[in-house]
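**Student:** Sequence:
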Amino acid sequence: MFHYAKITKIMVGLVVLSFSLLLPLSTGTAHASGGIWHLYTYSNAFQGSRNYYVYTPANYQPGTSVPMIVMLHGCMQTPQDFAAGTQMNQLADQHQFIVVYPQEQYINNASLCWNWFLSVNQYRNSGEAGIIGGITQAVEQDTSDWRIDTHHVYLAGMSAGAAMASNMGATYPDLYAAIGIHSGLEYQATTNAYGAVYAQLYGGPNPTSQGDAAYNTMGSYAHVVPVIVFHGTTDTVVNPINGNQAVQQWMRTDYDASGGSYNASFSSPSSTTNGQVSGGHSYTIRRWNNSSGQEIEEYWTINGMGHAWSGGSSSGSYTDPSGPSATQAIYTFFMSHSR
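Residues -32 to -1, 1 to 307 in mature numbering (1 follows the signal peptide of the UniProt record, and there is no 0) are what the sequence shown spells out, letter by letter.
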């Protein structure tokens, strides 16, 4: 899903507007699952602009406070494609939460990859991290169409979107109660496009040092960020070592953020569960809890799965319907955490 040969120069110069805007670009349109899609644009004078979609679930009662999940697509995907593949909107209809899909644009990356690998996008109030954080806050603040429970706001991504999710956990830990990383990489696995190719094939730097780096990036906003990670064992696009490193990096970051009270060991999970999808992939789930018994890290490894959203629908790209449902697992993990 990564296509670095087509990477174009990121545009982060000043735009005409000198303040952030929440502008509806179209009227709400009915979605196949029964809810409403609404297209908006976010623009910031220092970071740039992006379109994004907000999905309001079927039968939502205006004024009701509900959770929100921000979903970051992978390369060569659109919000519509990502929504179709993950089926997150259908789950939103069942459980009543808002889903937000920021959209990368060709002018910033010719393959529609989030530019997670550029240093400018790895810090708060900077580049694409600032834009995604700004979109999150804009949706929270718009109470005309929905009301967001700001204690239950989450972010997940696939591939390049998952690597960007690592950036968001480090740059905006105050916004997200937990994050999800599906087939992605650790925080700041590289700071340039050429290094991104190497990291996806061979892994990034030592996850302990990257965990410390993520904690330092958090600054005064630092606190424990629970993380759920998914990775296929036969992923040839993003080497599975990156899944291991993402878990280890966040273990270290959360160790730092907890003042050392959360001290998990990657080799000694609190629990290990093996499972089998009927007619599909087997998988292993490892969980790490803090001293109070609360789960902080969760890691799903899907045996025989490549670079795909586990348990996704074939109506979207980069999915493997034969795996356990990452969408359901991520939702369950998210709802067990609040900010």
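None of these hints come from the bench; they were simulated from the model. One or more of the hints may lead you astray.
Simulated restraints, written as ranges between beta carbons of each label pair [to be verified]:
| id | residue 1 | residue 2 | range |
| --- | --- | --- | --- |
| 1 | S229 | T252 | 34 to 42 Å |
| 2 | S33 | N184 | 17 to 25 Å |
| 3 | S236 | T202 | 23 to 31 Å |
| 4 | G2 | S306 | 22 to 30 Å |
| 5 | G163 | T204 | 33 to 41 Å |
Every residue gets a Cβ at the ideal spot worked out from N, C-alpha and C, and that includes glycine.
**Student:** Hint by hint, say whether it matches the structure.
**Tutor:** The hints, checked one at a time:
1. Range check, S229 to T252: about 27 Å between beta-carbon atoms, so the 34 to 42 Å window is missed.
2. Under the hint 17 to 25 Å, the C-beta atoms of S33 and N184, about 34 Å apart, miss the expected range.
3. Distance hint check: the CB atoms of S236 and T202 are about 26 Å apart, consistent with the given range 23 to 31 Å.
4. Between G2 and S306 the beta carbon distance is about 27 Å. The supplied range of 22 to 30 Å therefore holds.
5. Judged by the Cβ atoms, the range 33 to 41 Å given for G163 and T204 is violated: they are separated by roughly 19 Å.
Violation of the numbered hints given earlier is confined to hints 1, 2, 5; the remaining hints are satisfied by the structure.
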